[in-house]
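*Asks:* Construct the entire structure; sequences and hints are all you get.
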Amino acid sequence: MAATTLVRDPLLDEVVRRRVFPSGLTVYAVRKPEFSRSYATLATRYGSIDTALPGRGGAPLPDGIAHFLEHKAFETPEGDAFDLFASRGASANAFTSFGTTRYLFGTSSDYAENLSTLLRTVFELHVTDANVEKEKGIIGQEIGMYEDDADWRIYFGALQALYARNPVRIDIAGTAKTIAGITPELLRKVHAAYYHPRNMVLAAVSPEPESTTFRVVEREVEGRAYGKAPGERRPPPREPPRARRKRVEVALPVRRPRLLLAFKDSVPGEAGRELLRREIASAVALDCLFGSSGSIFLDLYEQGLVDESFTCSYSAEPNFAYAMVGGEVDDVEKVRKVLDASIEAARRRGIGSDDLERVRNKEIGDFARAFNSPDRIAQMLVGHHYRRTTVPQYREELFKLTLARVNRRLLDLLDPRVRCYSIVRPR
Amino acid sequence: MPPGSPLFRSSDLGGGLAFHLHRTRAFKTVSARLVFHADLDAGTAARALLPRVLARGSRRYPSLREMQIELDRLYGASLSGEARKIGERQTVQFRSDWVTDRLAGTQLLRRMAEHIAETLREPARDARGGLRADVVAQERKILADESRAVYDDKTRYARHRLLDVMCRDEPFARPSIGRTGEIEALTAADVEGAHEALVARAPVDLFLVGDLSWGEGTRFARAFGLHRRGAPRRLRRTRTRAAGAPRTVREKDAVSQAKLEMGFRTPIILGHRLYAASVLMNALFGGTPIGKLFKVVREGASLCYSIGSAMERSKGLLFVHAGIDAANYGKARRLILRQLDELKRGRIAPDAEEQARRMVSGALLSLRDSPGGLVDFALERAIHGERADLQGLLRDLGAARRSDIARAAASVKLDTTFLLHG
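Residue numbers (this note's numbering), protein chains in the order written: chain P, 33 to 459; chain C, 60 to 481.
Quick caveat, the hints were computed from the structure, so don't treat them as lab data.
Quantities reported herein were computed from a predicted structural model and do not represent experimental measurements.
A virtual CB, placed ideally from N, CA and C, is assigned to each residue, including glycine.
You may find that some hints are simply not true.
[What the hints assert, rightly or not] Quick list of the computed label-pair ranges, beta carbon to beta carbon:
| id | chain 1 | residue 1 | chain 2 | residue 2 | range |
| --- | --- | --- | --- | --- | --- |
| 1 | P | His158 | C | Pro409 | 27 to 33 Å |
| 2 | P | Arg230 | C | Gly389 | 56 to 62 Å |
| 3 | C | Ser365 | P | Arg277 | 34 to 40 Å |
| 4 | C | Thr214 | P | Pro458 | 15 to 21 Å |
[Claimed, not checked] With a straight-line cut-off of 20 Å between C-alpha atoms, the simulated PhoX-like cross-links for lysine-lysine are:
| id | chain 1 | residue 1 | chain 2 | residue 2 |
| --- | --- | --- | --- | --- |
| 5 | P | Lys168 | P | Lys221 |
| 6 | P | Lys221 | P | Lys260 |
| 7 | P | Lys104 | P | Lys221 |
| 8 | C | Lys311 | C | Lys213 |
| 9 | C | Lys354 | P | Lys166 |
| 10 | C | Lys200 | P | Lys366 |
*Replies:* Below, the structure is given as structure tokens:
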């Protein structure tokens, strides 16, 4: 009988029960009797940055296959599982990111039944020559749709300009060409390799008792035969520290130009507290400059150069880390000049303790707010699991963050040598 | 919760201020929505610009920087406002939320009441005592950009054009933020006038969701001084109208995919005895992926990727949108009308009816998990003089028979078809 550990946060008044099953699957269950809706997400540590089968000498995989597999995962011999969820009044979804693929549903009724469907469907792959060929057409259309999407183009334009070799630069859906050669056999190989319970996690938030979740997992996951679990993700190929290109531009049918400034951070190398500390210090540093009360954002806004679409973000995984800042602008060159000068001045001047305290307060508020939403709680638990940290550790590290550390991050992260501009202009 | 009990406890505090509280321990935050009501008319643009100008500074915090610094300091409290259309009513809605006193370790509830009241009643002014012209100009530009952005989203644009045609001599055609030309012409004096009129005479609803007592809530509500005003302005009721002889308009634009918009009229609005049946009818028509528009027009006939229907519950309208190949216009229109006809005849598969009920009920139940969802539900009903009785609606959905759904469909009559094509 697997032991359950309790993670309790007294301030937030939240309890998370964590159990690792014999198959290797880790399950986080949170009971929220005040909510009507249950939300569960099943994730695997496999995404677009996994460019080969696991192990040394693992065969290389075509770009876009993780996303392709995600499309096929809800297929069953009786039809599409999305329809089955819908017929019960539940809503299901799935998405592929750089490091994970996630499958999720939300429902106000029949929680156990829907959870069974989720687990059974994702663990049993049903691919045929016919349904794989049909999917190539559908994904081809999806790729075409994203080519017209200014937000997508500016973002991936930035990643491809920043990185020379890191697989984070690969488009998650691949291209029509790279997916053309995918076969049912290859999909089965990938599924068997990466959809192993030891590589996966289930996070479930429900008004129902946690035992309901554990019971369904026992029934749907534990009875199956699994092959070899994949080992740790390989480190990425060595990447030159500088941005590959300083500037990329593309013309699209939009009304206003968009500007995105991206910074390539050094590869963190490992999960755990150190990664969490870096994330927090980076997010706070960016917030001090570009957040809602950020000095540079407010300067640009009060000069009429940007509007609320101007935001910042920081992403970090063991294998890559980067920051992005930008939004819609009218005068690209003017904003670029002001941004460059402002960032340099901010790096020289540093952030003051008033700024740090205010942003720390804001982050606490945002953190608390996340617990209003079962969806966000579940996704947060998945994120912490793969990062090898916990929710209370986040709060601890946020309180321990020092001004010296934030200013060091500011210098390292916003270094002009590691940045590029990605621009979309109206056609 | 006992059946038939409303989601909010409500009370009229005088001066045209109605206060509503949903007490719950489910959330880590307290959420407030302060709603000023006005008719959708020529003053709409000025009222839409107002919240943006107010957010730019109060007497105590006279710049955006100082406002934002204060809000972030208060544990990331938020305060923003926008204009929304509900039937032929413009609502100017101020939303705010902040973490509970317990989590903040300080009296945030009291502090936020002060801050919101100041922001609302004491905007930052220039040396002559007027609203700052440069701030008004900047925010006007952003609002005008927002208005122009509709033109770029061809699906939204086609809907706007449908309304221009269908409701050309009704207030409903006007967008919630006014028209681009109206926005661009606004002066600081216009916004000042809108401010005075709203604060002095507009009917107001204040909704609070969170872990606070009735006493704390009413104390919060009285911080704005709105309860001491004289009688509020009387507003027009939104009028439903019977469909005229069906009319079709085509317009050429730079689109590769044609946008088909169809506008229907129905007397069924919130409070109507067939309201619940009409919600099910819309779910079975084009409101969900199990509806006929999806199953027959998209999956069966492959005439479109995107298609759906939606009801406007205050004005008595039903809209269908579809992205189609212009060459298939006639076919698509006929097939859409045939699906409505099937519903009028009660030709609904029994499991489809049950699925629709589950989907609609599920969506309603999830509203309870969202402070914003709870308020939106209650606000619409408050405008119609109805209580926010979620349990009652769920009961009505359960009790609606197929014949009711068919009757609801029968009340829906085509008014205008609009096609935007390349």
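*Asks:* All hints are to be evaluated individually against the structure, with a verdict given for each.
*Replies:* Evaluation of the provided hints:
1. P:His158 to C:Pro409: 27 to 33 Å: Check passed, 28 Å falls within 27 to 33 Å.
2. P:Arg230 to C:Gly389: 56 to 62 Å: Cβ of Arg230 (chain P) to Cβ of Gly389 (chain C): about 57 Å, so the range 56 to 62 Å holds.
3. C:Ser365 to P:Arg277: 34 to 40 Å: holds, 36 Å
4. C:Thr214 to P:Pro458: 15 to 21 Å: Given range 15 to 21 Å: holds, Cβ gap about 19 Å.
5. P:Lys168 to P:Lys221: holds, 18 Å
6. P:Lys221 to P:Lys260: holds, 12 Å
7. P:Lys104 to P:Lys221: holds, 14 Å
8. C:Lys311 to C:Lys213: Judged against 20 Å, a Cα distance of about 12 Å means the pair holds.
9. C:Lys354 to P:Lys166: holds, 19 Å
10. C:Lys200 to P:Lys366: holds, 18 Å
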